[in-house]
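Chemist: Protein chains in written order, with our numbering: chain Y, 1 to 646; chain S, 1 to 375.
Among these hints, one or two may not hold up.
Below, a list of computed lysine-lysine pairs in the DSS-like style, where the Cα atoms sit at most 27 Å apart [claimed, not checked]: (1) Y:Lys640 / Y:Lys378; (2) Y:Lys523 / Y:Lys509; (3) Y:Lys353 / S:Lys214; (4) S:Lys214 / Y:Lys488; (5) Y:Lys193 / Y:Lys488; (6) Y:Lys311 / Y:Lys378.
Keep in mind the hints are simulated off the structure, nothing from the lab. All figures in this text were calculated on a predicted structure; none of them were measured in a lab.
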Amino acid sequence: MSDTITDTAERPSAVYTGGDERLAYRGIFQRLFIRPEIGALIGVIGLWVFFWAVADPFGRAQGASNLIDYASTLGIMAVAVSMLMIGGEFDLSAGAMTGAMGILVIMLSKASGEFGGLGLNLWIAIPISFAVAMGIGFANGWLVERTKLPSFIITLGTYYVLIGAKLGFSKLIVDQIQVGDISEAGGHGFWVKIFAAEWNRNDHQWDQRDTVYVIALMAAIALVVIAITEMHFSRRHEGAKASGLPIFGIGAAGVVAGLVVLHTTDNTSGNWLGAAVVAAGALVGLYGFGAWRFQPIQGRGAVRFTPEVVKYLVAGLVGVGLSILIAAVMNPSYPIDGPDGVVEDDLFFPFTKQGFRATMFLIFVAVGFTSLLIAASKARRVSTATKSVVAMISVIALVVTAFFIRSESVAVKFRTEAFSVVLGLALFVLAWTILGLLFEERSAVDQRSDRLGSRLIAAAAVAVVIGMVAKLLFTTSAEIESEIAQAKFSMRTVWFIAFTIVAVLVLGKTRFGSWTFAVGGNKEAARQVGVPAARTKTQLFMLVSGAAWLVGMLLAFRLNTIQANTGNGEEFDYIIAAVVGGTLLTGGYGTALGGALGALIIAQATLGIPFSRWNSDWRFLFLGVTLLLAVLANRSIRSKAESMRR
Amino acid sequence: MRKMRTVLAPVVALSLVLAACGGDDEGDTAATGEDTAAETGGEDTAAETAAEETAAETAAEETAAETGGEDTAAETGGDDTVTATQGGDLTFHMITHSDDGPFWSVVKRGMDAACADLAVDCVWAGSVNDPGVQVQLIETAIAEGADGIASSLPSPDQLIGPLQEAVGAGIPVITLNSGSNDYQEIGALTHVGQTEFIAGQGAGLRFNELGATKILCGRQEESNVALEERCNGLADTFEGDVVSEFVGLDADQTEQQNSISAALQADPAIDGFMGTGPVIAMSGLGAATDTGREMAGIAGFDITPEIIAAIDAGEIAFTIDQQQYLQGYLPILLLFLNVTNANVAGGGQPILTGPGFVDQSNAATVAALVEAGTR
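Let the hints inform the model, and build the full structure from the sequences given.
Modeler: Written out as structure tokens, the structure reads:
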């Protein structure tokens with residue numbers, strides 16, 4: 001029990017008692033990797049890179065708008081369901097309830113008359129529907145608490161009641177299996193803005209957009225790198241050394257200058273010069289930062305390759321080698337006749353040939369670099385010098401891969417963008433290796449550094465959001481000239497993001513959040529220490545039905561007409577999203593953010609197929625494999641990270 | 001249990017009739033016998049070829065004598081009141097996989113109208129897509145001595161047996177809606193419905209007129225033969241390319257719309273969309289609007305108020321109408337003519353109720369008829 005509590009309260013435990021190994025110091029990476037949502041985060045990034053390589057429109061603004069639109073309604077529910085599952089319960093009625101709430105609000109507001117509704121103004125109908133949702137959630141919770149039956153059974157009952165009610169009342173009242181139309185209801189003009197306002201990117205031109213985007217993104221990267229450095233290395237014992245500061249400044253200036261060169265030139269020599277200046281600036285700057293703040297290293301040890309290190313090192317190099325080999329062998333000699341290098345040829349099993357090539361390449365790359373990462377982690381236990389050698393080998397592998405991608409990739413955007421990203425990654429590992437050779441790693445808790453680090457990371461997150469928002473929401477005159485497709489973003493996404501943030505805060509910062517973990521971990525024990533278990537669970541059920549109400553409103557105002565079967569069966573998607581996001585089916589463990597990430601994974605896996613023009617018959621097989629992989633990755637990463645604690 | 005009912009039903013019927021007639025004359029009994037024979041013969045004519053008629057008649061009489069003793073008695077009683085040629089006491093059962101949704105309520109209205117026009121009794125029974133229930137309904141109809149059965153055939157494996165049993169018991173059978181491939185095996189008089197393939201072919205010709213070059217045929221179920229047949233028919237007559245794809249369930253229109261949008265972005269050559277249902281067609285329209293794609297045409301299947309409004313507004317080119325009112329009306333009419341006049345329509349071929357097209361030219365008319373509940 002106490003173990004569960006420790007796991008769930010994954011906020012960095014600040015107290016170092018020295019005796020209890022569970023509270024022992026963990027490095028920043030370990031702390032990152034034992035977070036429940038890390039598997040989902042890697043899954044989101046992995047799938048994104050995958051489809052980015054395979055499907056040309058996937059990474060564009062319009063593709064992103066499709067993706068996030070689908071993830072939004074799913075994600076709101078997944079976040080709420082995650083919280084309920086952490087509290088140890090299920091709600092199978094959640095899917096059917098989304099449609100039911102949409103139908104309810106339409107029926108309340110639809111003009112009266114034969115086959116009409118009640119004709120209420122939306123200002124009345126919407127609160128009534130919300131109250132009904134709360135009532136259903138309360139009933140679910142109350143029944144579960146009263147009967148002590150599993151919530152699985154109780155909400156299965158509610159599920160059928162809702163399905164039946166939806167169809168029955170639809171037929172009875174409007175004599176249709178679909179109910180509409182909400183757009184004629186009173187107050188629609190206001191509420192449609194709240195629930196369904198759309199932002200068409202092509203109507204909002206801002207030529208400075210890319211500048212802001214690049215600045216924000218680069219600032220974020222710099223902040224994250226500095227934050228990780230700050231949290232990873234040991235602080236200088238005799239206080240900061242001011243002489244490092246100017247070097248840091250010079251390096252930073254170099255990076256900025258290099259970026260300016262990169263951003264303002266298009267010819268190759270300019271790019272090379274810029275890249276070189278950025279790289280040099282970054283290395284110098286980080287060295288300066290280290291000299292200013294960190295303790296110089298005492299001993300680096302000797303380079304010694306243990307069999308374990310060699311095993312993973314060889315596996316890693318073989319993996320990277322195979323990835324390059326397979327992509328070279330499958331080099332597209334067939335005609336590339338589609339726009340932007342989209343290969344329009346026959347399907348190869350479920351994939352297009354290009355898709356198969358990219359898949360194999362990415363799988364081997366992933367296996368290769370994971371092995372190299374493990375090799376580095378094993379080498380670290382041998383000696384700092386050994387680790388650095390392994391890291392340097394990884395840098396070389398990264399650079400080779402980057403250039404291979406640039407010369408061989410079929411997808412144009414992958415060719416250019418992935419090249420810079422992988423090179424940037426190589427630069428980061430290189431800098432990291434050099435710092436590791438020069439400065440001492442931290443081995444004890446340092447609250448001040450941790451606080452500074454997490455603030456820097458928070459600032460970086462804000463910068464990323466600003467950059468992405470600018471990039472996604474605005475267009476430039478150049479894009480308009482090249483007749484870029486329009487992309488729409490809607491209030492659904494805003495609700496999704498807001499709901500996720502609130503849920504994360506509630507779960508992590510409030511008493512209610514702690515109670516949720518407690519009742520999910522062990523209800524009786526929680527009750528005995530004074531947690532109002534029944535109330536907490538009932539509130540969680542009400543949270544889920546509240547989320548279902550929100551999604552119902554979002555659907556009603558989007559579609560105007562709701563089918564009687566809308567949402568039926570979706571509850572399993574919510575549960576899957578929560579589980580993929582790292583929430584345990586048994587309760588007591590998980591995060592709200594994981595549910596949101598799980599929804600993104602499902603959205604990517606689902607929409608990736610039509611984006612890559614693969615055979616849709618294989619769609620569910622692909623979805624299933626993806627979800628299994630995500631869950632397995634989740635598990636293995638967590639157990640690896642936990643075993644590394646000692 | 002079934003036996004009990006078989007025995008009870010005629011007894012009840014008989015007593016009712018007797019009560020109604022108030023012990024009227026005896027002379028009719030002879031006539032009744034003739035009627036029964038004529039009926040039985042008629043049924044068999046339908047089921048088998050004309051050449052075998054005589055033999056069949058003999059067989060039928062034997063069958064009636066052997067197994068249908070009580071039933072014959074019941075019919076005898078029933079036929080007493082009004083002469084059979086007017087059909088006053090005929091009872092036809094229409095047994096479908098109806099879910100009483102908007103589609104089937106129109107079929108039912110068709111049936112009701114036919115029954116009123118012909119002054120026959122009709123029993124409407126829907127199984128809500130449960131083949132097991134439908135089997136029971138058919139067996140009940142046989143046991144109750146139906147004068148004719150019109151049945152849909154959504155899952156042939158389960159339903160062919162009971163319907164053959166009905167034909168064997170001398171009850172004329174007509175299949176409707178689904179069953180165009182299997183009605184002959186049953187020995188049904190004919191099939192009244194729309195074959196999905198032909199409907200798809202009709203859509204293909206329309207898309208040729210619209211000038212589309214590549215069509216995405218979006219399906220709302222991942223493995224439904226009928227929907228795939230629609231796409232196959234489309235591919236058959238359409239001169240350009242057709243991609244048939246499952247793009248998400250009707251229950252999740254968000255997914256549908258985003259999947260179609262993804263396909264449109266990934267393949268700029270697509271300039272036509274056909275949804276194999278009305279909801280998915282609306283999702284296709286939404287995706288085309290979202291992506292700003294100029295489409296040569298968007299089309300759908302079946303009718304909802306939304307799709308009619310979109311057709312009226314010129315946003316959707318057309319939708320294919322099964323005219324399912326006919327699927328309710330015609331089987332009753334054909335059964336009636338068969339029973340009373342030994343007619344068999346169709347010439348061994350199914351009778352097609354579609355494809356009927358709803359486009360901008362007749363959208364307003366159809367909208368009014370939808371309002372009235374007959375389209």
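Chemist: Confirm or reject each hint.
Modeler: Okay, the hints, checked on the actual structure:
no., hint, result
1, Y:Lys640 / Y:Lys378, "holds, 12 Å"
2, Y:Lys523 / Y:Lys509, "holds, 20 Å"
3, Y:Lys353 / S:Lys214, "holds, 22 Å"
4, S:Lys214 / Y:Lys488, "holds, 25 Å"
5, Y:Lys193 / Y:Lys488, "holds, 14 Å"
6, Y:Lys311 / Y:Lys378, "holds, 10 Å"
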